[in-house]
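Asker: Chain by chain, the residues run as shown.
Protein chains: 2
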Amino acid sequence: MKPSYKILQKDKKTKARAGIISTPNGDIETPIFVPVGTQGTVKAVDPKQLREMGAEVVLANTYHLHLRPGEDLIKKFGGLSKFMSWNGPTMTDSGGFQVFSLGVGKEGGGVKFLRDDPKERNTDDPKPRLNKITEEGVTFQSHLDGSTHKLTPESSIDIQEKIGADLIVSFDDLESPKYDYEETKKSLEMTNRWEIRSKNAHKRKDQLLYGVTHGGPFRDLREESARFVDENFDAIALGGAHLSKTNLYEVVDWTTDVVTSEKPRHLLGIGEVDDLFEGVERGVDTFDCVIPTRIGRTGFFFISPPSGNMKNRFRTDIDKPQFVKDMKPLDPNCSCYTCQNFTRGYIHHLFRAKELLSYNLISLHNVHFLVNLTKDIRKSILEGNFKELKKKWLM
Amino acid sequence: MKPSYKILQKDKKTKARAGIISTPNGDIETPIFVPVGTQGTVKAVDPKQLREMGAEVVLANTYHLHLRPGEDLIKKFGGLSKFMSWNGPTMTDSGGFQVFSLGVGKEGGGVKFLRDDPKERNTDDPKPRLNKITEEGVTFQSHLDGSTHKLTPESSIDIQEKIGADLIVSFDDLESPKYDYEETKKSLEMTNRWEIRSKNAHKRKDQLLYGVTHGGPFRDLREESARFVDENFDAIALGGAHLSKTNLYEVVDWTTDVVTSEKPRHLLGIGEVDDLFEGVERGVDTFDCVIPTRIGRTGFFFISPPSGNMKNRFRTDIDKPQFVKDMKPLDPNCSCYTCQNFTRGYIHHLFRAKELLSYNLISLHNVHFLVNLTKDIRKSILEGNFKELKKKWLM
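Taken in sequence, the protein lines are chains P and Z.
Counting from 1, position 67 in the first sequence corresponds to residue 67 in the working numbering; the numbering is continuous, with no gaps.
Counting from 1, position 390 in the second sequence corresponds to residue 390 in the working numbering; the numbering is continuous, with no gaps.
Looking at chain P on its own, in the form it has when it is part of the complex (with noise of 0.2 Å):
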């Protein structure tokens, strides 16, 4: 079966749209924020939590399965979504965005991205080092052992036949956010025709290949990318991680506008709470971020208004000492199984004694915190008031 799209409902003030994506392994509602397990795990949360919870489709990392523990031992068991017993839809991405984004730098371009953020930064996660790009592909070396590693858009492909997962990702160059318009503009024709290599070396017909959508933060760019990823390919990514908020819902709006209504949309690596209702709002169907296992580990935990809000990022930290004592559950408004089950004052203990349990109960909270504000968005927009819950959540 090959994977489609089909729109349910659009809204009647924004681009927002309700929608469905059915896959071999089951269908996936949109809007919908998709939980990142980059290894073939959603870091310290169990599958079955991840379905008890609601989650419809899980995005793994190319890069990090290929390293370890390979595509081919993973098609032998049957394929990503069977290996890691979640049993459901799955996504990979290219491998390209963290040869590039997590290596020393792309040559001239010096690519340094908004993950530098110390406080959100998982620190035991070593980088690739970048060695060369040619037109064949790129050169690197794994983080693991220092061996030797060539991704083109064939290998990534071949790659992510045998991974397996119902929706996958073309191979593509990631321009620098420090490049002018004639860099980005040269990037921008590589992506291109890697994209193509990439559609062409393509066979399965049971997986939907994304086209990625360049161009820096120039319109026209990014107009002319658009173009050429609709009229090449079923699926559109948004690559803008390492844009700035305002400029990212600019080129999301560019990018929508240009392409065709009836093919489902992704935006690659985004997923703070504001940038769900703007993506939505601006056309955007996927969303896949590791923010909410990343800063899970760390102690921070989504909260929902009036205590959630823009300035404090709709988290707080449960080391505080305020939370000693807490009988609250981590979010008075949730319904996932930490708050349900569990008080700050508990979790809190737990995480000063660095037990274990307690990164799975925040991070259990956060993926469910993100996939249900996702669930709630779609379910605004069958009604009609998806203006009036973005409303409630960022004024």
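Incorrect hints may appear among the rest.
Since the list gives no way to pick out one identical chain from another, each pair is judged satisfied if it fits inside one copy or across any two copies.
Unchecked claim - Calculated lysine-lysine pairs in the DSS-like style (CA-CA distance at most 25 Å, straight line): (1) Lys203 with Lys2; (2) Lys48 with Lys325; (3) Lys311 with Lys245; (4) Lys328 with Lys162.
It should be emphasised that the hints constitute simulated quantities derived from the structure, not laboratory data.
The structure displayed is predicted, hence computed values, not measured ones.
Put chain Z on the given structure of chain P with help from the hints.
Answerer: Only chain Z this time, still in chain P's reference frame:
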């Protein structure tokens, strides 16, 4: 309600018995293995997972909970069982074992125990420092911040009343295995005085207070201790974690021959597979031990016969290269959540990648393994084939 114990069935050929301990938080079907939740959490295992696997009671350590988060906080949260969201029967020890055995060594004694096995050592578990032992009690320094604390029979009971477990233990002096007869006898006399003080300090009628038997490896002291505890307490705890196996089984025999049959018997800190069979055969009802979670975090998992046997101590190491492509569950005979849903190959990958889910999945399996082994033992007693089951495992 006062906890009580009832024998349901005695084995015809041995001293094994199947019984039931009734507590205000529910019934405990014995024999049963008791998972240890040192700091108010069974390491890396969720309380819901404990319920689902059929765990009957959880033991927490008074020493650790006293230092953090403190008994007053636990009391405020409704007691240990509610605090940790376990909502079933709980047990605490007296705190004495930690202060003595994990300390730098009793003056003149130099206590070093089995747990010094580096393979199983939880290296991130710093030790308290023992300062002084007097008739009144023990002074020690916290392993957390160096602060000075005193533990006496009265304070141990006060702490345990506030923590609020259903089954609690008298404060005792822990003899060194290096003590000669006279030193052991002197230590036992101190234990006896401390146990009477514990009993006098105990006010809560809804808790069952265990007396602890001591006397080192000396038969007459062990028998004297057993008679003393039997005269003064409704429940018998056997102190023996520092004895060699042969001697341990002798000591259990000497003790259970002396004490009243209709009282529950707990073997403190013991829980290897062979110990469970040998202990039950000699009339022990309950066992606690950190072993399933401690070895679980280092990648060792329990396996049942025929792969598991006395020689490999019913375990193997998930880190072994042979498991890379292994599509079998950890233990093909196991019905736990891990074994029903995950392969050795996947868990090997998670463990190599240092993913937190690996510690959860292996620890869950290990706890399930021992809990359900004791459930099978119980069933065999009720069905009259305990000896056959023991032979199947320990031949």
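Asker: Under a CA distance limit of 25 Å, which applies to Lys203 and Lys2: within one copy, between copies, both, or neither?
Answerer: Close inside one copy (12 Å), not across copies (70 Å); limit 25 Å.
Asker: How would you label the pair Lys311, Lys245 (within, between, both, or neither) given a Cα cut-off of 25 Å?
Answerer: Answer is within; shortest intra-copy Cα gap is 15 Å, inter-copy 61 Å.
Asker: Checking Lys48 and Lys325: alpha-carbon separation at most 25 Å within a copy, between copies, both or neither?
Answerer: between (30 Å within a copy, 23 Å between copies)
Asker: Checking an output row: Lys328 and Lys162, CA cutoff 25 Å. Within, between, both or neither?
Answerer: Between copies, since 21 Å is at most 25 Å while 46 Å is not.
This entry satisfies every hint, going by the numbered hints stated previously.
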